[in-house]
Structures are given as C-alpha cells and as structure tokens.
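> These protein sequence lines map, in sequence, to chains A and B. Last residue of the first sequence: number 384 in my numbering, and the count goes up by one each step with no gaps. Last residue of the second sequence: number 274 in my numbering, and the count goes up by one each step with no gaps.
Simulated from the structure, these hints should not be mistaken for lab results. One or more of the hints may lead you astray.
When the alpha-carbon atoms are kept at most 25 Å apart in a straight line, the in silico SDA-like pairs for lysine to any residue are as follows [stated by the list, open to error]:
#, chain 1, residue 1, chain 2, residue 2
1, A, 354, B, 187
2, A, 354, B, 246
3, A, 354, B, 247
4, B, 166, B, 67
5, B, 166, B, 231
6, A, 318, A, 380
7, A, 354, A, 341
8, A, 352, B, 133
9, B, 166, B, 133
10, A, 354, B, 195
11, B, 237, A, 363
12, A, 352, A, 340
13, A, 354, B, 197
14, A, 354, B, 204
15, B, 237, A, 345
16, B, 237, A, 380
17, B, 255, A, 380
18, A, 318, B, 214
19, B, 237, A, 322
20, A, 354, B, 260
21, B, 166, B, 246
22, A, 345, A, 373
23, A, 318, B, 244
24, A, 352, A, 365
25, A, 354, B, 198
26, B, 225, B, 247
27, A, 318, A, 372
28, B, 255, A, 318
29, A, 352, B, 203
30, A, 354, B, 231
Source: prediction; values computed, not measured.
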Amino acid sequence: MQVELKVFATLRKYLPDHPLDQSVTVTVEPHTTVSQLLEKTGVPLDKVKIIMVNNRHADLDQRLVEGDRVAAFPPVAGG
Amino acid sequence: MMVERYTRNLGLPGWTPETQRRLAAARVLVVGAGGLGSAVLPYLVAAGVGRTGIVEDDTVEITNLQRQVLYNTPDVGTPKAEAAARHLAALNPEVTVTPHHTRLAPENAAAILAAYDLVVDCTDNLATRQLINRTCLELSKPWIHAAVSEYYGHITTLRPAGPCWHCLFGPETAAEPPPSGILGPVAGLIGCLQAVEALKYLTGTGRLLVGKLLVWDALRPGWEEFSYRKNPDCAVCGNRNIPVPPAAD
Ligand SMILES: [Zn+2]
Chain A
306 MQVELKVFAT LRKYLPDHPL DQSVTVTVEP HTTVSQLLEK TGVPLDKVKI IMVNNRHADL
366 DQRLVEGDRV AAFPPVAGG
Chain B
26 MMVERYTRNL GLPGWTPETQ RRLAAARVLV VGAGGLGSAV LPYLVAAGVG RTGIVEDDTV
86 EITNLQRQVL YNTPDVGTPK AEAAARHLAA LNPEVTVTPH HTRLAPENAA AILAAYDLVV
146 DCTDNLATRQ LINRTCLELS KPWIHAAVSE YYGHITTLRP AGPCWHCLFG PETAAEPPPS
206 GILGPVAGLI GCLQAVEALK YLTGTGRLLV GKLLVWDALR PGWEEFSYRK NPDCAVCGNR
266 NIPVPPAAD
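When you get a sec, could you build the whole thing from the sequences and use the hints?
In structure tokens:
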C-alpha cells in the first residue's frame, strides 16, 4: 500500500529529496506502523517529537492504512 | 483613556468602548522578549492592554538585532526587560509595562503568573514551556504557545480545561541545541499571530486555536492546521497533584 509522509523543520535533512510543495509517497506493507514507516525512510525516531496522521495527533504505534498522510515534527524550541 | 488613540480598534465590527475598557483592565504576561516577544509586545501595548509584564533575564546582544526588532543598536549590553519597557512606554504611555528582569523558574513562576490573566509564551526552551504549562494549570490561567526554528513556526492556545501542552508535546526529551538560524520575519509573523490570539481572547472576539496546532513552513506554500485532544493519561493535566518540575537550567 502507499502512504504519504511529510517532515517539518530540521527533520527535512533526513529526506533530502522531499519536494517542498508536496509529501513523499512511500510504499509499505499493510498494517505498517508510523515508527516502521519512519525507520524505512531513515527519519531517526529519537528526533521526532510529534506525529500527526491525516492532520490529527497520533503516536508512533499507530497502524497505517492506504492513503494515510503522516506528518512528523521535531522538537522546536526557538523563540 | 484617550479614545482617539484607539479609533481603529473602535472601528472594528463588534468592538465597542466596553471592549476597549476590557483591554485596558487586562493583564498579560509575556515570557521571553526575543524574536517572538519583539512582535507580541508592541502590538499588545499599542492595542491598549492595560498591564503588560515582561519576564526576561538576558541582555541585548548584537546577534539579537537581526530579528529582535524591539531593540536598537544602542541597547546592546542593556537588560532586555528594561530596554523593552522603555521602548514600549514611548509607544503607549497610557498603559503599564512591568519588566521582570529574571528567569522564570519553579521558585518564582507561581508568584509572577498569579498577577496576570493570560500568559504568552515567547521563550526559547522546552523546560520553561513545561513550567508555564504546569503553573498555568495550577493557577487556571490560559496561555498561548509558539515556537520557531529556521524557516518554521507554530502556534496553539491552551486553556485550563485542556488539552494541555503536555498532551501534545509529551515528556521532555534531551535538550535540543538552539537553532543556529532563524529567519527574522518568521519569528515576527508567528509572534504577530500570538498577539492576534491574545487580543481575541482578551476581548472575547472570534474562535481561538484551542486543540489546534497552526503550522507555517516559510519554504512551503500555505499554512497547515493539525488537531489534538486532551490525553486522559496525560502526566500533567490528567493528575491534579502536579509535581514541581526541576529548574529550567
Ligand atoms: Zn495534558
């Protein structure tokens, strides 16, 4: 199945081919979790602070279904 | 209160002299007077917020001036809280600006926050945000969180009924090094949104960003909005016996 992944702020350096105006499409096994998706794409789990799936707050254990849109955010502390 | 100054507030739909008086009676604490604070503070003071507190223990450095537009070059070396209060008093001498030249810490947080109706988070670290979250829950105060890094910024509004900041951001992780770069107007723009949100809250105008994280990546076209809910198992708001966190340093 295919899911969409979008990473924000300093996480973008782990997906250098990430286009600015869209998500990255990733082909994964059915029932893949968010953390498995991140591991597959090379985004370090320990750099991820928040996960959103289809614009709603989710966690790393959430299982994905076809077409899910995953967004990953690092800790952001600047002011 | 000099009404002429607020003519363009009073011309807003739904904004009456009573709205302006509510603002004049309001007390807002801005924690941090850096890039976000440089935008929040002038707009709150200009709009007529009656009492604005500034918590900031830093002094103005030359490297701040690229984005912290509240300060001028001759302010370098001066405590930020003091320089900010001086500039803001010149902007609007009809309101009170109170500098707190200190760092928000577990020992002083409740005493400082107790004197205000609303807290605006313009800090530069996650530990102080944890402290603001816990203290605001203890004292039943709303607060407006924002953070910026490089080309990125986000904002959300927290009310005592929840969800709280910890429901979304979870336990503290290893301290991130401060961003090596921030595009000045990104901080300014997110700070302006905080000022809008604060003025909406104080005047009871419009809908607030409660349970919503509004995200802006300046390199991408458009804004994005994400939603979050109160976590029933939240270690902070799920438990009324809130332990005092360790010092922010
Ligand atoms: Zn919570």
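> Could you work out which of the previously given hints the structure breaks and list their numbers from low to high?
Hints 8, 15, 19, 21, 28 and 30 are the ones this structure does not satisfy, whereas the remaining hints hold.
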